[in-house]
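Top line first, the protein sequences correspond to chains U and Y. Sequential numbering from 779 applies to the first sequence in the numbering used here. Sequential numbering from 10 applies to the second sequence in the numbering used here.
Since the hints were derived computationally from the structure, they do not count as laboratory data. Any given hint could be a false lead.
[To be verified] Which chain Y residues face chain U? A few, computed with CB under 7 Å, are given here: (1) K37; (2) G38; (3) M39; (4) T42; (5) S44; (6) H45; (7) R50; (8) I53.
Note that this is a predicted model, so its numbers are computed, not measured. Even for Gly, the Cβ is constructed at its ideal location relative to N, Cα and C.
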Amino acid sequence: MIEFIIYKSIICVVIFAVSLGIAAYSTWWERKFAGLLQDRWGPSRAGKWGLLQPLADGGKMLFKEEIIPNVSNKFLFILAPGLFIVTAIVAGVLIPWGPAMQIGDSVYALQVSDVNVGVIFLLGVTSIGVYGIMIGGWASNNKYSLLGAIRASAQMISYELAMGISLIALIITAGGTLSFSEIVAAQDGGVANVVWQPLGFIIFFVCALAETNRAPFDLAECETELVGGYHTEYSAFKLGLFLFAEYINMFVSSAVMAGFYFGGYNFPFAHELYSAMGLQEGSWIISLIGFGAYFTKTLIFISVFMWIRWTIPRFRYDQLMNLGWKALLPLSLLNLAITVVVEYFRGNIIF
Amino acid sequence: MQLTNRSIVVSNKEQSFAEKIYFPAIVKGMAITFSHLFKKRPTIMYPEVKREYAPVYRGQHVLKRDENGAERCTSCGMCAVACPAEAITMESGERKKGEEHLYREEKYAKTYEINMLRCIFCGLCEEACPKEAIFLTDRIVDAEYERDTFIYGKDILVEKMDKRIDVTKRQTPEVLNFKKIPGLKHNEVYQDKLNKGKH
């Protein structure tokens, strides 16, 4: 029992620290990458290549004056950023970061918790995330914040549907399991799910952009119309928490995409490589290599998110709703129908 | 009526399927932004690397000394007359015995002030100067906190002996010849002096 607690604590702390570190360095990479895409150099003053920039930004956020508007609902105003960041981090518990490790007789999975209804848990937690935005926007007692919050929640409802249906198709392909680690394990040795679900992946990707409030769907905080959107009234570290949570969301959804559609810690010819290196099943080196593969995929997805941000202009609100309801929802239903037919002929579904 | 060939007729034609689903256009746009990752960057990392100035760059003025360290300026006032912004004021003084190492000729500028807020860095003072005393250099006038600190006196303008300022870029033979063209009005005084052998 005590061993179990120690093992879970270590995993928790490591994943928590990695999430925060990635979120911090996402802000750096976003600025750097934006600079590179725009023929600039991006941050280059704080440390080598501007690597200390997140520290400087964090310090700035910490030491700035904290303003809580008089007319706001103080309790909810303070609760909102906390709720947002907690849900963002909680969504990360499901991700199986690497093949299970074997030390002595016991097997250690590189995952905080293997929830057997992981996909549903994930959808649930990410939709709670919008409560942080909603509460924050409403409690600010500011019309721009409120508009941002309404937009965020409407967007979340619209895109959650298409996302959920594209995930149903994915689950059928993955063999009817809802557990994240089993979906990833099912791609071991075979082909990645994206091969069977190209349309599903595109729908999921677009929805993930919308769920994380990233450009081109960042209407909730679109500065040209709504000042700062739902975080207009926030300052200092509460604002920092909001921005931080968005990057954690991005990290988690990149990891989810890499796991669901691109095989997670599996990669082509993995077993050939392991046997060529003479590694036993359950060796910690295999776990490390798998983790590296998963992490690389995740970082690539984060970069693609940023790449899209600096390419595609923001949608208008009616275009956003049209895309969600008139394009993505029918497409995801079509995808589901196609998947059922294809899987029937592959013999994965038996009526 | 068509005035130029540059006008583009608005087309309201139906969008094709490829245009309607956006994806080809998005992929194209992504390719364009991606190609910019490898483009050459025009950034100059300022404090470490400085942009190269043109040889004729006109920055902060310098009052030159001659090779012995005596000030060349004779306070003739030509620069002040030439100055379109009226930024230059000076006061003349007479050289006393024993000051030959300080001032080149009998008359010198006791005070010499340029108001850097008025100056437009046109370089006419330099052009008018018959004594090769004032030059515009490739140095930048610093920002200041007070307006009156922008009035630069001799303490700033006259070059220091241990930090001589190179003006060979601006003092080319062409420039020297130009100053001796008799037909030009600003050279008349100089020419008169030359003719009388008082140089």
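Starting from the hint list further up, note which numbers the structure goes against and sort them upward.
1, 5 and 8
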